[in-house]
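Engineer: Here is what each chain is made of, one letter per residue.
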Amino acid sequence: MNVSSKERPSTQTRVLSYAGALLETMDAALADHPNAFIMGQGVDDFKGIFGSTTGLAQKYGVERVFDVPLMEEGMTGVAIGAALVGDYPITTHIRADFSFLAMNQIVNLASKYSYMFGGIMSCPMLIRLVVGRSWGQGAQHSQSPQATFAHYPGLTVVMPSTSQAILDMYPQIIARHPGPVVSIEHRLLYNLDFSVSAGTPSKPIPLTSYVAREGNDVTVVATSVMVLEALRAAQYVAEKAGIEAEVIDLNSISHPDWELVIGSIRKTGRLVIADTSWLEYGVAGEVCRQVMLRDPSMLRQAPAMLGMAAAPCPTAKSLEDIYYPSQHETVEAILTQVRGSGHGIELPVERSMTEGYKRFRGPF
Amino acid sequence: MAAGMADFQAGECSLMDSDERYRRLFRTALTIRLVEERIIELYPSDRIQSPVHLSIGQEAVAVGVCDALKPDDLVFATYRSHGFYIAKGGSLPKMFAELYGRVGGVSKGKAGSMHLSAPEVGLMGSSAVVASSIPHAVGAALSFKRRGSSRVAVAVFGDGATEEGVYHESLNFAALMKVPVLFLCEDNGLAVHSFKNARQSYNLLEHARTFGIECRRVDEGWDMLAIRQATLDALAVVRAGRPFVLEIATGRYKEHVGVGDDFHFGYRSAADIDAWKARDPLLLDEQLVAELKPEIDREIAAAAAFAENSPFPGRDELLTDII
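Residue numbers (the working numbering), protein chains in the order written: chain E, 1 to 364; chain L, 1001 to 1323.
Just so you know, these hints were derived from the structure itself, not from any lab.
Careful: at least some of the hints might be erroneous.
Said to hold, decoys possible - Here are the simulated DSS-like cross-link-like pairs (lysine-lysine), alpha carbons at most 30 Å apart as the crow flies:
| id | chain 1 | residue 1 | chain 2 | residue 2 |
| --- | --- | --- | --- | --- |
| 1 | L | K1145 | L | K1070 |
| 2 | E | K59 | L | K1145 |
| 3 | E | K267 | E | K240 |
| 4 | L | K1293 | L | K1277 |
| 5 | L | K1070 | L | K1178 |
| 6 | E | K47 | L | K1178 |
| 7 | L | K1277 | L | K1196 |
| 8 | E | K59 | L | K1178 |
| 9 | L | K1277 | L | K1254 |
| 10 | L | K1070 | E | K47 |
| 11 | L | K1293 | L | K1145 |
| 12 | L | K1178 | L | K1145 |
Let's have the full structure, built from the sequences with the hints guiding it.
Structural biologist: Laid out in structure tokens, this is it:
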């Protein structure tokens, strides 16, 4: 998959899984920053947060990589206190849903520390959340809270959709970002292999949006795993109908590159928004707000939106499969934007995205 | 520690005699009281346009505890922290400017009374969400331990905060990790207007002991020297790498928030507080008050004048320091 931004010379590549990229960046954080430490439920066990922290406790010691009691609020408060005296804490929530137990510390404290104290204190830290999906994760193991966290000024919220995004963002977040960062990772991505640049970028990659695929016919603004879905759909419509979709990975939810997004929509006049969460009061609404603020006439028609159905996530597979947007629906949305509802183009038969990913043998 | 006393090394066998120590503690406590009484006078003028939670009656706790600390020990406090701010050595002019919402304030007016801090003297951010700063002290203490530092962190909270889940999480984690943190409970018996017997089914010390945490209660919450000594004793345990819970009984003279009395509302009686007032050195030692008051009043007047002359933050401040 081409995630190349202009900053990175397209030289040699290598294959790296999402979990592998996480492990590399966690390892590098501990190696490069003596003040960094990782804590969370199970970070030091044999599963190591789906392989993203495996072996690090052995390598760096239990004082720098350690398990914690079941205390999401307490752990996040401990992280804030450590950050205030100069440490760099990395905390994990093996399901994003569990971070809601830490909302008081994240929203009332961490997000406000810099502003509320007039800039004399700060708590730089990385909070890693993993969104679950498929195999009956149900209502409390599947939520994707990017809109929730991005709502609060003071939080930086990112959703890396590829191994490259992790390699680009995490090192500079840990080395330089002055405040708390919530990174929402996606469990479906963990085992996928991606092509990544073998070299390190010549200059920092902005913590913001980028064009994942160029095109002139329709703009697809996507987040996290929906970026991959959009890219797959874009490839399909290119092959079947000669439609070239421009896919933008929003990447930073709190600080997107709106000029990039708006420039693309102005060029194509057509918009599909593909998010991993609910559409109501979420990323889809924010993208539309940005369009409305600038120039609603740039859209030739009403945009299409893909997200979770407006219900808690059901466990039954028959319901779960229709709860999330399928590849079928993503393709349909793009085709309808460009050719109208009577487009007459054959749709892919794949309705269950997770089935598709099980068969997929990358790399992207 | 009040200005001018930075050379004092707490915990050492001081050469000062006890009279001198008492005088030092008394002066800081009187400063807190006079500052808050000035706030009461000023409040109707609307120079301070935000809630204030007064610590009148509770000064001895802040003074006794902070005097036992070293300057680089950290205190994480609450929305009722004028006392800890002053006792830890925070600047009076910057405090008044902060209360006045001026750029000369500690936090350029963005914090106000409820979020006072003075990191340069070890008073870290005060939080207005009950119990929320308790784990911050544990986290700072965890860092101190990992670095092999002799510094300690103090979590200041009221009795109501111990009902919150994060208090239990913090005790458990501190005991497990053996971090140098002092849990300091200011037990004024009230959560806003609710009495402790309506809120708690546990005894704080017994509860702490179930975590294997050493603990002590001081009933003489008016006695600055007793509190200072109890804190020094607790800190000996904490500096050896074990958390400690110190509970100090005290009395909140004023209403929960605001500058008035609240006895006329009928939920409590003035007699509840009379017992504390009868022991209050700031009320009893009139001679020492008379001796110290003029100089403190001049300091307060200068601080208020500084605040008055400091500009209001302008639009350029609205969107700064967010990230």
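Engineer: Next step is simple, just say for each hint if it's right about the structure.
Structural biologist: So, going through the hints one by one against the coordinates:
Proposed proximity of K1145(L) and K1070(L) is supported: the alpha carbons are some 16 Å apart, at most 30 Å. For the suggested pair K59(E) and K1145(L), the alpha carbons sit about 20 Å apart, so the restraint of at most 30 Å is met. The straight-line distance between the Cα atoms of K267(E) and K240(E) is roughly 22 Å, inside the 30 Å bound, and the hint therefore holds. The straight-line distance between the Cα atoms of K1293(L) and K1277(L) is roughly 19 Å, inside the 30 Å bound, and the hint therefore holds.
Taken as a hint, the K1070(L) and K1178(L) pair is honoured in the structure, with Cα atoms around 20 Å apart against an allowance of 30 Å. Of the supplied pair hints, the one linking K47(E) and K1178(L) holds, its CA atoms being roughly 27 Å apart against a limit of 30 Å. A hinted pair counts as satisfied when its Cα atoms are at most 30 Å apart, and K1277(L) with K1196(L) qualifies at roughly 21 Å. A hinted pair counts as satisfied when its Cα atoms are at most 30 Å apart, and K59(E) with K1178(L) qualifies at roughly 23 Å.
At roughly 12 Å between alpha-carbon atoms, K1277(L) and K1254(L) fall within 30 Å of each other, so this suggested pair holds. A C-alpha spacing of about 43 Å is found between K1070(L) and K47(E), which places the hinted pair above 30 Å, so the restraint is violated. For the suggested pair K1293(L) and K1145(L), the alpha carbons sit about 42 Å apart, so the restraint of at most 30 Å is broken. Distance hint between K1178(L) and K1145(L) is fulfilled; the C-alpha atoms sit about 9 Å from each other, no more than 30 Å.
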